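Trainee: Protein chains in written order, with the numbering used here: chain A, 1 to 176; chain B, 1 to 176.
To be clear, the hints were calculated from the coordinates, so they are not data collected in a lab. Worth double-checking, as some hints may not be accurate.
Each pair may be met inside one copy or between any two copies, as identical chains are not told apart.
Stated by the list, open to error - Computed cross-link-like contacts, DSSO-like style, restricted to lysine-lysine with a CA-CA straight-line distance of at most 27 Å:
#1 110 / 60
#2 94 / 37
#3 94 / 173
#4 110 / 16
#5 37 / 60
#6 37 / 173
#7 173 / 60
#8 60 / 16
These figures come from a predicted structure and were not determined experimentally.
Number of protein chains: 2
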Amino acid sequence: MTYGHTPPIFQIVGYKNAGKTTVTTALITHFSEMGFKTGSLKHHGHGGEPKRVQGTDSMKHLEAGSAISAIQDEHMVQMTISDQEPIALETILKWYRALHIDILFLEGYKCAPFPKIVLLRNHEDLHLLNQLSCILAVGSINGEILQDSNFPTFRLDHLNAYLPQLATYIRIKLNL
Amino acid sequence: MTYGHTPPIFQIVGYKNAGKTTVTTALITHFSEMGFKTGSLKHHGHGGEPKRVQGTDSMKHLEAGSAISAIQDEHMVQMTISDQEPIALETILKWYRALHIDILFLEGYKCAPFPKIVLLRNHEDLHLLNQLSCILAVGSINGEILQDSNFPTFRLDHLNAYLPQLATYIRIKLNL
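Based on the sequences and whatever the hints tell you, model everything.
Mentor: Below, the structure is given as structure tokens:
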């Protein structure tokens, strides 16, 4: 896999209900407030489809066979890209290249090779710390799990207090 | 305005309730069935926002300040791009460049300079034929309006029968 030139990317990974969306949303807010133009991309995971708005003209276009259907109003464009083949992450990242953002947060995509936070639910999740690459910090709702970690750690219920320090780590790592 | 290198573009324009989505959907189906990788872009017009799915993680990302939020499942990516500034058509067309489609149907964007079908509701809409550029054909639900047109015409209730001929016109015009 080659990712070519993309925006600086930071990942938030972990199993379902580990707190990924909470952490991703907090990081988006923090970086946006610092003036960074942020983007985000979430992997929906298996078993279940993203919610779609049925009956819209955009869905009519897709159902007619449009591979890429978008709808624009003044300040927003909603675009849906569908393909018979699975869509590779590197393909999606190419699209982001054209969008000129300062930092892209990926929620999910565990095995992608970008700097990342790993979120742990319980001891059974600890194997992720051996399996995944480029770990910058580890978070959990359960402080006890974090005790033996070799990485910087934070408790999810202390996220807001930890956010400035985490953002500094991320900026150093990504040269921002 | 400069549009640079984009996929071949064909427009379907007209006022609200002139039949734009019907014609666009029929063209997408026809070209897709012929094996073309088609894309589409609809201008939502003024007064009213596209429907959004509230409460999704994608919306949480946007509300947190993400300028571009996307969600992926295996065969589909839904991407929302928001901006404080109005998003120009030429900016959106740049994104389509990265998507490698054979033909892009634009629904709306009356004043854009691409070959187009104009759909008329009544005599009051006839001024569009003098105002708009690159008209390839004119359609209406009302056959009487079409009688004095200098362009190839079709009745919307005869659309299916006319579609192969219309597609041929479009392919010749766009060198497809």
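Trainee: State for each hint whether it applies.
Mentor: Quick rundown of the hints versus the structure:
no. : hint     : result
1   : 110 / 60 : between (34 Å within a copy, 21 Å between copies)
2   : 94 / 37  : both (17 Å within a copy, 19 Å between copies)
3   : 94 / 173 : within (22 Å within a copy, 30 Å between copies)
4   : 110 / 16 : within (12 Å within a copy, 46 Å between copies)
5   : 37 / 60  : between (32 Å within a copy, 16 Å between copies)
6   : 37 / 173 : within (18 Å within a copy, 40 Å between copies)
7   : 173 / 60 : between (44 Å within a copy, 26 Å between copies)
8   : 60 / 16  : between (32 Å within a copy, 17 Å between copies)
The structure shown violates none of the earlier numbered hints.
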